[in-house]
Amino acid sequence: MRLYTVVVYLFLYAPIAIIALFSFNAGRHASQLQGFSTQWYARALKNPFVMDALETSLIVAFVSATLASVLGTLAAVGLQGIRGPARTVFDAIIYVAVMIPGIVIGIATLIALVTVFEVLNPWLAALWPEGAQPPRLSMGIGSLIAAHTMFTMALVIIIVRARLGTLEQALAEASADLYATPLGTFRQVTLPLIAPAILAGFLLSFTFSFDDFIIAFFVAGSETTLPIYVFSSIRRGVTPEINAIGTMVMVASLVLLIVAQLILRRGPRR
Amino acid sequence: MTRQERNWLLVAPAGAWFLVMLVLPLSVVLVFSFGERGPAGGYVPAFTLEQYANLPARLTAFKNTLILAPLGTLAALLIAYPLAYQLAVRTDPKWKTILLVLVIVPFWTSILIRSYAWIFILGGRGLPALLEAIGIEGVRLIYTPLAVTIGIVYGYLPLMVFPIYVALDRLDKRLLEASSDLGARPFRTFLQVTLPLSIPGVATGCLLVFILLMGEFLIPALLGGGKVFFVGNALVDLFLQSRNWAFGSAVAFTLIVIMLVTVTIYMRLIARLRLGRDDAQIM
Amino acid sequence: MEDNGHISKRKFMEELRRYQKGSVTRRHFLGVTGLGTATAVLGAAVPGLRPRPAFAQDIGDRVVLATWPNYHDTANFDAFTDATGAFVQVNVFGSNEEMLAKLQAGGSGWDVFVPTNYTITTYVGEDLIEPLDVSKLPNYDPAAFDPRFADAGTVDGTLYAVPKNWGTTGFAVNTAHDGGTPLATWKDFFDRTKTDFSGRTMVHDYQLTTIGNALKYFGYSFNSVDPAELADAEKLLIEVKPHLFAISSDYQPAMRSGDAWLTMCWTGDGKQMNSDMPEIAYVLGREGGEIWSDYYAIPKGAPHREAAYALINHMLDPAVNAREVLAHGYPVADANTNALLPAEILNDPILYPAQELLDALEFGAAATLTDPNRAELLARFKSA
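Protein sequences, first through last, are from chains A, B and C.
Just so you know, the working numbering puts 254 at position 254 of the first sequence, and the rest follows in order with no gaps.
So the mapping is simple: the working numbering equals the position in the second sequence, first residue as 1, plus 1000.
So the mapping is simple: the working numbering equals the position in the third sequence, first residue as 1, plus 2000.
Bound conformation, chain A alone (with noise of 0.2 Å):
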């Protein structure tokens, strides 16, 4: 038993070793070790495509994955308090969104927003005052965000309702008999009660943002997000450069989770 958890392990960070050991090729190709080097860190970090890339994964994920946590959070909540059909409505959609695959979310939003921007730009220009340089609606990384909230909200949605679904009814009665106004209530007593669930939700929205490469891949227009990076430089080869990056990132996040680590036990001791 326990040899099978470590063969698991082997499996799971054998091609993270791979990478990592590449990373510090001191060559250019990815099949032979020619030497040890740090050269490609310093490559990949000087490299204005890839710190560029970067800030604008990181801007989406953050961005989207608030936006998902706030709104999906008041959509939840909201949810609590409809019945009927509006309701099979609703349920409906967020089912549909959490299932349907990437690559049809990607292709379905590319298709449509396209088709919509085809026909609301003329009338942008048309519509502009005279002498203004009219704004042009396209692919980017607007539309990316949007996408990516979406997908993110439903799952959102789904986490914090199952949390509220937990909570007692009787408590929220007891503050709105204690005259606690509806606000009051959901400021004192249920968001405390929710907000385990909601981090979860904003974290799992950052990581499939930051990692998404199928919706991007479609919707990102002249956006270029790390994955989309990775993707079209690893055409030509995986270089030590790529290696160099994936590491980095894997690093960073290790540290930031120990990091949050730390802080979450610090807290019930406090």
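No wet-lab data here; the hints were simulated from the structure.
Don't take every hint at face value.
Under the rule of at most 25 Å between Cα atoms (straight-line distance), these lysine to any residue pairs were calculated in the SDA-like manner [stated by the list, open to error]:
id, chain 1, residue 1, chain 2, residue 2
1, A, Lys46, C, Asp2078
2, B, Lys1096, A, Ala195
3, B, Lys1096, B, Glu1177
4, B, Lys1094, A, Ile263
5, C, Lys2235, B, Leu1059
6, C, Lys2300, A, Pro122
Covered, in the sense of this in silico footprint (three residues per stretch, anywhere, with C-beta under 8 Å from a C-beta of chain B), are these stretches of chain C [to be verified]:
id, region
7, 2071-2078
8, 2374-2381
Because the structure is a prediction, the values reported are computed rather than measured.
Using N, Cα and C, we set each Cβ at its ideal position, and we do this for glycine too.
Given the coordinates of chain A, work out where chains B and C should sit on it, guided by the hints.
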């Protein structure tokens, strides 16, 4: 403002978002699926059932997907369950969190980079070379269905481990003790106590992995050498190679319908096993 | 900016004369003669003298290039960055179809792309490509190009694209595994895939070449869209599929590692592999096949147009272009570049195959790019 109005106000932003970013795109796909391909690709408006009539041209892709998704899910389950069990039941609580985190850490490196690492490991200079060194010759791994399966299990393992771990972790240890106090053998305890209690986690994990596998295209493309063709690959080719948006839309819409049907049946089955309560929380 | 090392005295005088006549720019002159490097070194040594970007105007800090795998010398991009301050992002594609699809969907973000001869009329028809302003390409010397490989860049009298490289599509075979019987035809390619190369052959994930070469097996035109002929090609492809190692246009790693022994292959890949592993031979099927020419072009709505012109101009510089050829092994149609190349490259049978082999080759036809039947055939082949 009445209670009801307030609720609606809370739901409105999310609702609007879903309308624009989900309902609208899916409607466009539906409309396009009745259209025609333009002379140089793209879409030309029309009303024809031609695209749907042409679906048998992708029958193999659908068939492959409907075989791969359940099998891949099963393979991931078989690998993940013992690990989740070990972590939840047999591991010192001190180490639990760390070991659990170690399951996810690899997944912070892009799946693309990790898949290329697998290409190296499974390629002629990787594992087969090692096997040759110990006398097993002629093993070919890369660009085989086995390579795709390995890639899939690898890619989706945490999604399977986590829900099962959570279900097992919630399990009251006293139940296990009681069972063994009553003289049950460990294996019997597992079958009669542990396994049934972990079913909700198993159901969730399987659902997540199954959904993702239905749309998978990267792992087959990278580790299957282009020889294994799924609906996801068909979609990518239709939109990125032949630029046939109309037919691509018909394939996409058919995939959605198939998923809705299979997942609904699956959830009904789970509910019938009267394990629906936890499961209902996932969806 | 360029550092082309040695330059003969005669060449230097020639360049000096061209510069004085005004037929080349100062930058070109400095570049080719290596004086550019000298000036830059001097400039850097004297504080305050060094111009920030050694370039006439600010072209921004980046330029995005959509191109093919193994098709550039990265040192040339570094030189471009040093000279202009603009970094080159390289996006690599697998097929002309994929490039077209990205551009059709809009917002590709590319500044320069590398279409193949037969696709340019489609780009023009779809209004996806920018007419080129020759005044911004001082290094472009139309008279120096072999028209056979430059003509497709001009559509209806307008210049849309300038030649990059040309080449052929043949196959690469690891001769260590051919059992002493060399392969010489597409018939050999497919027949031997079913026998002694079973499980070791790769074909492109690309309709033009995979279908085209299967058509050549029967002696049909590489560009055929005739349903009966395509049906024959499909039957052949589906027959060999169980014997294929992979369907992928990224065949170098597998060939180099020894996992694959036989693959459809482009000139430069053949040259690159042959240089490192002499047992890998590059063969043109005797029945014929593809000859092609790639071009540099600017898509409509390129976000960094000035940088795009600067990059194309940089790549057209004969000294830069010559270094490209040395790195990737694709011939150029530019006499100025060839003048800088060593004789062994110019006589290399991989780059410049025998005339009777070349005569049998065909340029790709625009119809194959948009023909839905060829696209569907490839899909059926892949899913079979």
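Hint check results:
Our distance criterion of 25 Å between C-alpha atoms is met by Lys46 (chain A) and Asp2078 (chain C), whose separation comes to about 13 Å. Annotation: proposed proximity of Lys1096 (chain B) to Ala195 (chain A) holds, straight-line Cα distance about 23 Å (limit 25 Å). Only pairs whose Cα atoms come within 25 Å are accepted, and Lys1096 (chain B) paired with Glu1177 (chain B) is accepted, the gap being roughly 20 Å. Of the supplied pair hints, the one linking Lys1094 (chain B) and Ile263 (chain A) holds, its CA atoms being roughly 17 Å apart against a limit of 25 Å.
Taken as a hint, the Lys2235 (chain C) and Leu1059 (chain B) pair is honoured in the structure, with Cα atoms around 18 Å apart against an allowance of 25 Å. Only pairs whose Cα atoms come within 25 Å are accepted, and Lys2300 (chain C) paired with Pro122 (chain A) is accepted, the gap being roughly 18 Å. Chain B is given as covering the region 2071-2078 of chain C, and this is violated because 0 residues of the stretch bring a CB closer than 8 Å to a CB of that chain, at least three being needed. Only residues whose beta carbon comes within less than 8 Å of a beta carbon in chain B count, and the region 2374-2381 of chain C has 5; three or more means the coverage holds.
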